[in-house]
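Student: Sequence:
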Amino acid sequence: MAGSKRRPEFVAPLYIAWEVTLQCNARCIHCYSESGPGIHHPRELSTGAALDVIDQLADAGVMVLAFSGGEPLLRHDIFDLIERAVSRDLVVNIASNGALINHRMAKRLKQSGVRSVTISLDGATAELHDSIRRFPGLFEKCVAAIRTLSENGLNVVVSFTPMRLNYQDGPAVVELAVRLGAYGVNMSQYVPAGRGTVDLALDPPVLRDVIQQWIEMRRAYLGRVKIIWHDCRVSLLVPPEEQDRYSGCGAGKLTARLRVDGTLTPCVFLPNAAGNVCEEPFTDIWEHSPLLHGFRNRSGILDGNCGRCEHKLVCGGCRAVSMAHYGDPMKGDPSCWIYQDDTVRSGTCSVTGEPEFVQLGTSNQQQAGP
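Adding 5 to a residue's 1-based position in the sequence shown gives its number in my numbering.
No lab work stands behind these hints, which were simulated from the structure alone. Note that the structure is a prediction, hence the values are computed from the model and not measured. The beta-carbon is built from N, C-alpha and C at its ideal position, and this holds for glycine as well. Errors might be hidden in some of the hints.
Claimed, not checked - Taking lysine-lysine and the BS3-like style, the derived pairs with C-alpha atoms no more than 30 Å apart in a straight line are:
#1 317 - 231
#2 146 - 112
#3 112 - 231
#4 146 - 231
#5 115 - 146
#6 258 - 231
#7 115 - 231
#8 258 - 317
To be verified - Taking CB as the label site, the calculated pair distances span:
#9 245 - 281: 34 to 44 Å
#10 333 - 229: 35 to 45 Å
#11 231 - 285: 13 to 23 Å
Sequences and hints are given; from them, build the entire structure.
Tutor: Next up, the structure:
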């Protein structure tokens with residue numbers, strides 16, 4: 006119709022992760038927000054400002070709001086925020102390390118309308134988990150929290166982040182989650198951000214085999230526990246008939262992060278600011294930010310191996326990994342096992358001079374530790 010305004014393609018993200026505090030009772034070696042004991046951001050939003058943000062997100066059409074941190078249960082007004090979000094018909098998730106969850110807390114979370122709780126578990130033993138989390142005794146608290154939440158009727162998703170230190174514990178973590186009554190287990194991609202360093206990342210062939218293993222565990226555990234993942238590269242390994250379900254990296258498209266001061270970034274691992282919801286409306290940032298438009302235009306501006314890749318519309322590479330390595334989220338993805346960034350893995354080239362794609366094996370056999 007003449008004179009009508011075109012409706013924005015991305016009216017709102019499906020999922021927002023909000024770091025409501027940097028306070029935490031752990032000091033994890035891979036924490037992307039660099040939270041920890043005694044850490045307080047000077048511009049942490051007041052209760053009133055936080056409630057206004059929730060209203061903005063609800064008015065914009067956001068569906069899922071995940072309160073994270075730090076440890077969100079350390080924020081004094083967290084239940085005020087939960088109740089406002091639930092009253093505005095947002096699906097609420099809490100991302101916690103489990104240390105503060107007992108039967109009383111679990112019942113309160115259930116009564117407040119929280120839909121699910123994500124509990125991080127970085128190993129199947131106390132020695133491994135507690136060393137990564139730098140919190141002696143946290144493993145036992147975490148295990149008790151998963152069991153208690155499940156017993157109180159909450160959907161519990163166990164989040165496991167495979168790194169060089171722990172990736173071999175993945176199957177044991179899944180089995181433990183099943184025994185504890187978890188609803189699902191999520192393989193959460195490791196990205197060198199915050200305190201997380203590049204040397205913790207898996208080498209590309211090992212990452213490939215870990216993802217393949219989780220795809221196979223999804224089939225093996227069908228009907229017992231839901232196996233899910235947060236890694237854009239999964240689309241490269243699922244059967245061809247399943248690939249059309251994937252659109253790769255969802256940063257700035259399906260997901261976004263709110264930092265503790267109201268800054269909006271394309272995903273939890275990216276520091277790049279699209280704007281601040283305390284200074285301009287969320288809808289204006291989401292619809293007009295040049296940064297976010299750049300993330301959505303994957304076919305035109307990606308560089309390096311991702312820019313040349315035939316899979317860029319179903320994968321696109323991880324923009325946060327690119328940022329961590331190159332200081333630019335639009336560069337290539339060095340985690341790719343198919344096509345090394347700016348280097349042909351096999352050393353062969355096609356007659357046109359463009360590097361060929363080399364499909365490496367995708368067996369479930371774990372390689373020796375890097």
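Student: If a hint holds in the structure, say so; if it does not, say that too.
Tutor: Do the hints match the structure? See the list:
1. 317 - 231: 27 Å, holds
2. 146 - 112: 17 Å, holds
3. 112 - 231: 23 Å, holds
4. 146 - 231: 23 Å, holds
5. 115 - 146: 19 Å, holds
6. 258 - 231: 24 Å, holds
7. 115 - 231: Holds. Residue 115 to residue 231 sits at ~21 Å (cutoff 30 Å).
8. 258 - 317: Holds, at about 15 Å.
9. 245 - 281: 34 to 44 Å: Once the Cβ atoms are compared, 42 Å apart, the range 34 to 44 Å for residue 281 and residue 245 holds.
10. 333 - 229: 35 to 45 Å: Cβ of residue 333 to Cβ of residue 229: about 42 Å, so the range 35 to 45 Å holds.
11. 231 - 285: 13 to 23 Å: 38 Å, violated
In this structure, only the earlier hint numbered 11 is contradicted, and the remaining ones agree with it.
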